[in-house]
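A.B. asks: Kindly generate the complete structure, drawing on both the sequences and the hints.
As they're listed, the protein sequences go chains A and B.
17 is the number of the first residue of the first sequence in my numbering; add one for each residue after it.
465 is the number of the first residue of the second sequence in my numbering; add one for each residue after it.
Please keep in mind that the hints were generated in silico from the structure rather than gathered at the bench.
The beta carbon of each residue, even a glycine, is placed where N, CA and C say it ideally should be.
Keep in mind that the hints are not guaranteed to be accurate.
In silico SDA-like links for lysine to any residue, alpha-carbon gap of 25 Å or less [claimed, not checked]:
#1 Lys898(B) <-> Val28(A)
#2 Lys603(B) <-> Ala841(B)
#3 Lys52(A) <-> Lys898(B)
Here are the in silico distance ranges between beta carbons for each label pair [said to hold, decoys possible]:
#4 Ser936(B) <-> Val142(A): 51 to 61 Å
#5 Pro156(A) <-> Gly570(B): 53 to 63 Å
#6 Ile57(A) <-> Ala476(B): 44 to 54 Å
#7 Asp928(B) <-> Ile57(A): 11 to 21 Å
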Amino acid sequence: MSDRIFGGIGLVIAIIFAWQASIIRESFLSDAVGPKMFPYIIAAVMGLASIYFLFKPDPEPTWPRIGHLAEIGLAAAVMFAYAQALPELGFIISTAFAATYLTWRLGSSPLQSVVIGAGTSIGIYVVFRLLLGLSLARGPLGF
Amino acid sequence: MELMSQLGDGFAVALTWQNLGLALMGCFLGTIMGALPGLGPSNGVAILIPLAFTLGLGATPSLILLTSVYYGAMYGGRISSILLNIPGDEPAMMTCLDGYPMAQKGQAGEALALSGIASFVGAFFATWGLVLLAPQLVKVALLFGPAEYFALFTLAFATLGGISATNQAKSAFAAALGLGLAMIGVDTQTGVPRFTFGEVHLYDGIDFLVAIVGLFALSEVFIFLEHRGTERDISNRPRMEIGRIVPSWSMIRSCIPTMGRGTVLGFIAGVLPGAGASLGSFISYSMEKRLVDRDKTFGTGDPRGVAAPEAGNNAAAGGALVPMLALGVPGSGTTAVLLAVLLALNITPGPLLFSQNPDVVWGLIAALFIGNFMLLAMNIPMVGLFTRVLLVPPRILMPVVAMISFVGIYGISGSSFDLMVMVGFGVMGWVLRKLDVPLVPVILGTLLGNEMEVNLRRAVTIADGDYSVLISSPLTIILWITAFVGFVLPIFLGGVMRRRMRMARDSEGGVMD
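C.D. replies: So this is what it looks like as structure tokens:
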């Protein structure tokens, strides 16, 4: 079933891709092939592969239970938030939060997590900012 | 003799303090990454590319650092295979078969040392193979025009799934997905925006580094989150005593022919498109088993069963560099990631690389020789150090990996948007892995998409819009036929090969992870 759903989504993507390719505004200075041809080929390959999944799906993969699925969703949400927070809060604070969350969810006890999170953040800061001189995000506090 | 003087120049490039230091660092980090289950060579190199980039290293130093990581990871993979019966990376899978039983017999140290020597032999002679073969391939590549290149790229995609590919439709889908992603942004030839949906951030396209780090490194973090607390959690396995580290001379001597055969087979597997290191170690092991396993000792801790796959996989690692450097078309996952390094540094691999940037090529090759000796030193006397690294639990390690990935990408672009795209790729990578869609064609597609399209358009434009130019020369026809055979063959052979690989593991007491 998963493969069939995947095939369906793939087919939709392929159609959207082909449609988006068809509305590319060609400039008057075009070569013999133009900017649409290659995207059409790609869409065709993608569409054919998707149709194959629809008709001949592989055996079902083992999807995680709903709890683990939520786990992954939440982790992705935290990473999104981290990407947003980085320029606002600065590297050390946002990284400490994100690393604390991740290590907690991977099985550290809550108290340990805070220590590991802070340690990770400061460790990376020391190595990459102070030793290697990389530019990391600066928050209002300067780090 | 020209070869020797070029190699000599290469050593002059590689033997600076900075480059030696980078090679040492790369070998060290690579061995660690190879040893840690879950961090393979492709992930390791993927995480470090943005870093090498933001550190402002030049082309040669970055390449030296990253290929040292690549070689190092190939060495390191065996450590967890032997001690934990978990392959540290995919090519080290076959090493579990005899390595772990040896460790159970109290010979862990000997197994580690012997496999270290075998790795050295494989990698050392494969690097010689690279020196000798790559310039020959360049001569062939100089005959390539746009139509040939277009066919060659198709060949690369068609064979990338490898002989053991599960489902060729999925490889094709993955390639199309990658190529589609590469189309996003302003068309290089006519300047019209494509697939940008009016989003300014997308005008210069999706940075392939963002895609690579997301697909490889972040999706690994998600996999760990998924497996936590299940029987596939790897943090609570028993630990092994190492025992004596020096193998007896008679043991080494008995393995010399094995290493020789493993090296040759592995190198060939590495050079051929779509085979790569995993197949190299598999072929070496099964060949060796058929040839010398008279007393049925393979699978019960036979030293030759450790030496064969390790020589094979390291030789394949060197062999895979041949098409990558000479043609610009990688044959394996990690070399695809290394290709990203070259492209990010604005170096076009392929025949011109050898004439325009000989210092890069030969400096790199010299660094590989030096790195090999460093790795030998690290992997035998100092192997105890690396076994300690295995004690770092994933719950600490994986957040660090995730955060370093973010640091690298943010260092290049300084944009939150790229980070969010990267997280998106991470989630996508996880879903694709669950569905058994290979990630390497996606990466290769984003890397080569534009180049492939340019060659198609150039070929057809030169021929005045005549598409038959794509199959006009004998060379193109050969390439198309090879591509077709390479794509179709696994459909018939793939099942057989996979069953054999699995049977080899199951019947010999390995626990399939």
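A.B. asks: Decide, hint by hint, whether the structure agrees.
C.D. replies: We went through each hint and held it up to the structure:
no. : hint                                : in the structure
1   : Lys898(B) <-> Val28(A)              : holds (20 Å)
2   : Lys603(B) <-> Ala841(B)             : violated (36 Å)
3   : Lys52(A) <-> Lys898(B)              : violated (32 Å)
4   : Ser936(B) <-> Val142(A): 51 to 61 Å : holds (60 Å)
5   : Pro156(A) <-> Gly570(B): 53 to 63 Å : holds (58 Å)
6   : Ile57(A) <-> Ala476(B): 44 to 54 Å  : holds (46 Å)
7   : Asp928(B) <-> Ile57(A): 11 to 21 Å  : holds (20 Å)
Violated hints, listed in ascending order, are 2, 3; each of the other numbered hints is respected by the structure.
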